[in-house]
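K.L.:
Sequence:
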Amino acid sequence: MRPGRHTSRRSGLAAVSSLQTVLALNRTVGIVLISVLFFGLGEQLWSPFHPAYLEAKTGSPRASLVGAVSLAALLAGGMYASDR
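All residue numbers for the sequence shown refer to my numbering, where the first residue is -8 and numbers rise by one.
Calculated directly from the structure, the hints in this document are not laboratory data.
Idealized CB from N, CA, C, for every residue including glycine.
One should not assume that every hint holds.
To be verified - Taking CB as the label site, the calculated pair distances span: (1) 65 to 34: 22 to 28 angstroms; (2) 6 to 72: 53 to 59 angstroms; (3) 65 to 8: 48 to 54 angstroms.
With these hints in hand, go ahead and build the complete structure from the sequences.
P.N.:
Next comes the structure, spelled out in structure tokens:
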């Protein structure tokens, strides 16, 4: 290996290490950042369904239909699982 190439790799690693030190990044901080990202994405995915969920929880006429479908799906899943 050429000496010049090896030192540039070291300087690149030093720059990454320096950036991690400046931003205080370690494994725990990375896990927290990823968790917050996924919770935020989950909230964005859930938001279009939230009005329908609240409507179903408040007891509107459509809520009984939604509840009946949910109960039927739960019973069908239970019978399938017990049959296996």
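K.L.:
Now tell me if each hint is right for this structure.
P.N.:
Status of the hints after comparison with the structure:
Range check, residue 65 to residue 34: about 26 angstroms between beta-carbon atoms, so the 22 to 28 angstroms window is met. The hint said 53 to 59 angstroms for the Cβ distance between residue 6 and residue 72, and at roughly 54 angstroms that hint holds. For residue 65 paired with residue 8, a C-beta distance near 53 angstroms keeps the hint of 48 to 54 angstroms intact.
Checked against the numbered hints above, the structure violates none of them.
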